[in-house]
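These protein sequence lines map, in sequence, to chains A and B. In terms of the working numbering, the numbers along the first sequence are unbroken and rise by one, the last being 339. In terms of the working numbering, the numbers along the second sequence are unbroken and rise by one, the last being 1339.
Incorrect hints may appear among the rest.
Said to hold, decoys possible - Here are the computed lysine-lysine pairs in the DSSO-like style, where the Cα-Cα straight-line distance is at most 30 Å: (1) K1306(B) to K1290(B); (2) K1284(B) to K1075(B); (3) K1338(B) to K1306(B); (4) K1051(B) to K1222(B); (5) K222(A) to K1284(B); (6) K284(A) to K1222(B).
What the hints assert, rightly or not - Per the computed footprint, the stretches of chain A lying under chain B, defined by three or more beta-carbons under 8 Å from a beta-carbon of chain B, are: (7) 5-12; (8) 173-187; (9) 259-268.
To be verified - Simulated restraints on C-beta separations: (10) E1151(B) to P93(A): 50 to 58 Å; (11) E1220(B) to Q118(A): 33 to 41 Å; (12) D1310(B) to R245(A): 35 to 43 Å.
Don't read these hints as lab results, they were simulated from the structure. We put the beta carbon where it would ideally sit given N, CA and C, even for glycine.
Number of protein chains: 2
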Amino acid sequence: MSIPETMRALVQLHDGYSGTQEGPAIDTVAPYLELREIPVPQPAAGQVLIKVDLAAVNPSDLHFIKGEYGQPRIKDCPAGFEGVGTVVAGDSPFMGQRVSFFATHSGTWADYAMTEAQGLVPCRPDLAAADAAGQIVNPLTAMAMFDIVRESGADSFILNAAGSQLGKLLIGLGRDYGIAPIAVVRRAEQADLLREHGAAEVLITSDEDMMANAAPILRERKPRILLDAVGDQATADLFFAMPNRARWVNYGKLSTTPPQLTQMGQLIFQQKVIEGFWLTRWMKDTAPQKLGAVIAEVQERFVSGKWQTDVAAIVPLADVMQSLPAATKVVDGKVFIKP
Amino acid sequence: MSIPETMRALVQLHDGYSGTQEGPAIDTVAPYLELREIPVPQPAAGQVLIKVDLAAVNPSDLHFIKGEYGQPRIKDCPAGFEGVGTVVAGDSPFMGQRVSFFATHSGTWADYAMTEAQGLVPCRPDLAAADAAGQIVNPLTAMAMFDIVRESGADSFILNAAGSQLGKLLIGLGRDYGIAPIAVVRRAEQADLLREHGAAEVLITSDEDMMANAAPILRERKPRILLDAVGDQATADLFFAMPNRARWVNYGKLSTTPPQLTQMGQLIFQQKVIEGFWLTRWMKDTAPQKLGAVIAEVQERFVSGKWQTDVAAIVPLADVMQSLPAATKVVDGKVFIKP
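This is chain A alone, in the form it adopts within the complex:
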């Protein structure tokens, strides 16, 4: 396969962090990205070049381009963490094969991307393109955090932003493993759909009686783990209403306001803990064998239909500057970028 000298890429306009905490919503990408023709990157030892077939748009990507994510931006470097494509250069046993990957050296929102050779995830032939393009960030986060739920020993767990793609993956895991998901969402319209997916209970944060509705559910089901992508006061209130030894596991910050710790004594007397989860850390800390088994289960779940990827839009790379903000406003699905 001949590789051209230049490619189209959405490159970042800024270095480092912005210092803002606005969350993953965007109304325009112009302050952060620019579509440019740039040289195709050259893989160094241990790296591979991948021709991108389809790239994912995750909340973490939007946090990242805005300078609010846990690693610094690199000016003039293409954005996009995740995608699927074909290995076209570098030192890899998967040369010419279809792989999912997390881009570490040159982002996926481009014709070509670059990553570590050892981080490639070969795809089953029967895995659909959208499932393959998004099989790392959300599915591995869901699997890893569901391990925390299983280790808690409780028959139930709480998740908020439950209507998100990640939320639906977690609900599916709870349904299939018999650990009742208590789904927290903003809008009542989402409740029926989440119950269909397998939510045992649905709590609506826009409901004034939310905490009163939650009380009997928490008493009866005794969840220990709160998987939190929001980080607002409603989440804190829910945490403080949970039973002894509850753990508030934060993995995202959709809210832009800081929650207050109104019941700190519970950390002392009820052994409650507030902590975070970051997939990047989990992948570093997880043995390759375990990682391989988890990835095999992820692909099996997609192919068998236990999980499904709801596609909100597939935006051509050339249209991203104009069309991405509107596409990300679709609540019930995931956005992809097609080079």
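Dock chain B against chain A, hints included.
Leaving out everything else, chain B in the frame of chain A:
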């Protein structure tokens, strides 16, 4: 030793919790306690009766009588968690001996107290009365939390309310084990005294430049553990200025305002954790052999002068209703009650 039928005791006027979160300061004890003549309690199987020689007044006692502690009050039952005295009844190998104890069945602010036979701590003859009366709550909390500091592997740790009795015990441990204490206090006047005790750095929360002063200290010393008895915004700000993998270990709530989590992303990207420490839980979870070794070290530290108990006042039991609030206002020392 003949045991009378009745005794003087400071009994509680309320059951359960108050729902307030005012902290351990008191201006009067009249809403909570009453000095009464009540029957001397009768030990059941596994319990012992102790003639109280000297009882301690800890912040947890004040939280407790106000209904703000982690266990419910019992109306008409004597207050007071900790003390030293002589075993006078019940089934114990320590009959007639001097023991320190944590009262579980009838409090120490009385002529007689009652506790579990297996919870007695025999005292070395050379251990002073004030050291013996307060050898459980503060010293064991200090030893247990300093274990967390040692396990962190850092060369430094942060403690606030550093001028408290517990703070001084922690500073002494840091000094003796070569882990630099960074002491946080409210008033600049306390700084010299804390440096004398062994504080490597002193931060003053009333200083407007506190965070600016803290920055180079945190960069250089890289503390991982923040031992927190205050729970205010200054504590949260300090936590968010600490390096990766910092743990905010809350064990008290001197502040009456809830802190805000202004940098939740640090829980995710910097693996920071917020948790609590409760001595009662630690004692339940700690093997008796380890507990014995820790208690032996506590007594050795007091007798050898590595630790000392600063006595603010010894209030006669008959004068507590009138004199206790003023005595607890003395900043630099501990209050005891003498039956």
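query = Does K1284(B) lie within 30 Å of K222(A) when you go C-alpha to C-alpha?
reply = 23 Å, holds
ask   = Holds or violated: 35 to 43 Å for the Cβ distance of D1310(B) and R245(A)?
value = Because 37 Å falls inside the window, the suggested range holds.
request  = Would you mind confirming whether the straight-line C-alpha gap from K1051(B) to K1222(B) stays at or under 30 Å?
outcome  = 48 Å, violated
request  = Take the C-beta atom of E1151(B) and the C-beta atom of P93(A), compute their distance, and say whether it sits inside 50 to 58 Å.
outcome  = 42 Å, violated
query = Would the pair K1306(B) and K1290(B) pass a check requiring their Cα atoms to be no farther apart than 30 Å?
reply = Between K1306(B) and K1290(B) the Cα gap is close to 21 Å, so the pair holds against 30 Å.
ask   = Within a Cα-Cα threshold of 30 Å, do K1338(B) and K1306(B) meet the stated pairing?
value = 25 Å, holds
request  = Assess, step by step, whether the Cα of K1284(B) is no farther than 30 Å from the Cα of K1075(B), and give holds or violated.
outcome  = Holds, at about 25 Å.
request  = Count the residues of the segment 5-12 of chain A whose CB lies closer than 8 Å to any CB of chain B, then report whether that count reaches three.
outcome  = Since 0 is below three, the answer is violated.
query = Honestly, do E1220(B) and Q118(A) meet the 33 to 41 Å range at C-beta?
reply = 36 Å, holds
key: Pairwise hint evaluation, K1222(B) against K284(A), where the allowed Cα distance is 30 Å at most   = 23 Å, holds
ask   = Okay, the segment 173-187 of chain A and chain B, do three or more residues pass the C-beta test at under 8 Å?
value = Our answer is that it is violated, as 0 residues pass the Cβ test (under 8 Å) against chain B, missing three.
Stated coverage of the segment 259-268 of chain A by chain B [criterion: 3+ residues, CB within 8 Å] = That given contact holds, which follows from 9 residues of the segment 259-268 of chain A lying within Cβ reach (below 8 Å) of chain B.
In summary, the structure is inconsistent with hints 4, 7, 8, 10 from the numbered list given earlier, while agreeing with the others.
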